[in-house]
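Asker: Now for the letters of each chain:
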Amino acid sequence: MNHNRQSNDGKHDDDSALSDFLASLMDYTPTIPDELVEHYLAKSGFQCPDVRLIRLVAVATQKFVAEVANDALQHCKARQAAVVKDKREKQQKDKRLILTMDDLSKSLREVGIPVTCSDVLKKNGHAFLFFVFND
Amino acid sequence: MTGVESTRDTKKGEERRSSLSGRPKADDFGRSVSKIAVAQICESVGYQGCKESALEALADISIRYLCDLGKNASFHANLAGRTECNVFDITRALEDLGDSHGFPGASEVGSCLVGSGTVREIVQFVDTKEEIPFAQPVPKFPVVRNQKLIPSFEHMKETPSGKHTPSWLPAFPDPHTYNHTPMWNERGSDPCADKIEQARQRRKAERALLRLQQRLVCNGSTGTSSSTVLDAKTENIQESRSSPFLAVPLQPGEKDVSEVVLPAKLSNEPIKDDHVTLLEAYAPAIEAMKTGPSNGLDSEKMFLPEKRPAVQFKFKTGKKVLGELLDLSLQKKGERSSTFFLRDEERDDKKRRAEFILRQTTEYPMELNQS
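Same order as they appear, the protein sequences are chains A and B.
Position in the first sequence counted from 1, then plus 7, gives you the working numbering.
Position in the second sequence counted from 1, then plus 821, gives you the working numbering.
So here's chain B without its partners, still in its complex pose:
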């Protein structure tokens, strides 16, 4: 194949052209095929290379020549009252196009077309030139796509509405495509039932989450340095296990509120090795329920207790959740926890914890404000 050389200018032009007109046109395939053919002809003539612009120009001109031949030939055929062209039409067309160039016998008037100079020249050309077939196989083009036609009345086995419509015409579209039908909302809304259902689903989710974290706790509970608070709690619980009537009476005005209850495991067996801070027990659940960046501070604080001796209850959201979870745990393990349900003891604990938290907030206001 001929090498295509191009100067800097033409290359830049190509890039610009391709960037400007990057979209493929309908005639691109024909043009590129003709470019290859023209390049082959140039090579046969004796050229070793050609400029891109020159090659494109020559290909364009050859296509125009081809089209003009066809136009001329069909014109002559139509002139003679035919629709199909024959060899004489082509000969006349060749003579018309070759007038400017000149061919032998052009000046002869009234001679038979059979002996036309142009045809003789072509015969000479074929005899002298060696055959150069096209480099690659060319498929039949342009490719005709099968159009999806709208089925006729006959095809749809429908009868047209009016007598004036023949059955071979395309059928009308289905009425549901253009008729507007009203939509009824069949589901009745019951807000009470919806709320109940929502609450039930939430409880279900919480129960599942609690079960998961308990499983995690059972699998690997890390023992930490037991806090003095917890020890005190367990001792109190052991003491008052004998009788609830010996417990400290409630002060007037104070309410008997069931708040944070120790997990059954803590109050059940006071095994020091198994002492788990509430934090540790619920750390996985808390982590799982961590919603957004607002809890980022809490997460940081969560891992601190391993270094500090006391239990840190610095998060509010966690506390609420704990309360709910513990309630559920109560329901699950009813018999065990009921005996250890000592509200006054917890209230004392709660008071102690609240004081501790207050102290923390006043001492370290900066830490809490981080978010």
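Pulled out of the complex, with its shape left as it was, chain A reads as follows:
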């Protein structure tokens, strides 16, 4: 019974935390606009009149994209640190952090999205993405 009471308290805490979080979501404006999220959710069959859930989905997507971008940034910085030691010119030029396909494909592979962009296609100027989402 104690165990149950504890678990019940735990559940209540979790419930309250969740409901508080959902309430706080209304104050927080995610970077991805609500209209865009609503459009794509409606396209995929998601029906919900509650705005908080829309915000939750938007925040989740933002978190995902931020993680991927962060990983790519780490790759980029690591690459620059390895090269910079030799020439000063390159150091000044490469101070700018630029998102490239190489870094992006590396970070996406870690998440489980294999992205391939062959060199031949790059020369032609097209970037074809072949990736699979795990459902």
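Hints listed in this document are in silico derivations from the structure and should not be mistaken for laboratory results.
Some hints here could point you the wrong way.
As the list claims (entries may be wrong) - Pairwise CB distance ranges (calculated):
#, chain 1, residue 1, chain 2, residue 2, range
1, B, G867, A, R59, 28 to 36 Å
2, B, R903, A, A88, 48 to 56 Å
3, B, R844, A, V90, 39 to 47 Å
Beta carbons: idealized from backbone N, C-alpha and C, even for Gly.
Using the hints provided, position chain B relative to the given structure of chain A.
Answerer: Relative to chain A, chain B alone:
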């Protein structure tokens, strides 16, 4: 906003892509909005620029993630026998998508969804990350157009033909849209009357044109060196003004043809200053009636007489027209011209003119052949 850098290759690719697929697609608006959002997120992470292809790829992936979340959540809701999703459906969907990446508490089986690791991570994310709202206001899209529906039987206040047709269905189209009715040509054609009408209209036009050129002549008639021919004409006319019976009789076989008649002004008052060559008098009318390039030669010749002393009658079409116009002028100013209507004198003139023209044609065949 993040600067977008692109190498030469990607820029060429963009141009080619835009030229190949220049037509706007249905999803373009959503895609461009997501591109902006993703660029903002990259900037918040720490990037100063991104390649166009990489940005497009990341935007595409974020859209797919969003769609997958929605699909998963609706799947779980349907599994539970609901049509509307709730927070637990979303949590399950997040767990499904995050399986490959890993989240705290993934290995726990049978724990309540409320305490799910994914939600906790999101909570952490919201607490730590600063708020970055979207750069521009986004309108509600996609825009739904109001469809024009076909009005129902009730709306048209018609009763459907058969009992089996309910009145709330769209009405049938009007019978005149699908029934073929014969067309009768009500106007009867009368060729004689049409020709008469046509001739009358032509005469009207000619009269108006004559009036116009006379007005022009009155306003500014240029005096030229009077030709000997004209002088002779006027003298003859003056002489024979006394009696028409003293005129030269007609030769046998020759017809009394009323051809070119001098304009009333010429025969009326032999004022030398006002001497106008026929050419000058009718130059504006001729110019107005100039039809095509075939008369180009005539137009060139028309302005020559100012330098030459004699009247040049080198155009055939003009002559005909002159004849008609002069007839009309006769009708207009009946009393004045009738006394000066001397056919034999004109015939002599005409002969002289014809000889002159013949001489011109033989001497200058090249000029006439120009066209």
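Asker: Evaluate each hint against the coordinates.
Answerer: Each hint, compared with the structure:
{"no.": "1", "hint": "B:G867 with A:R59: 28 to 36 Å", "result": "holds (30 Å)"}
{"no.": "2", "hint": "B:R903 with A:A88: 48 to 56 Å", "result": "holds (52 Å)"}
{"no.": "3", "hint": "B:R844 with A:V90: 39 to 47 Å", "result": "holds (43 Å)"}
In terms of the numbered hints stated before, the structure departs from none.
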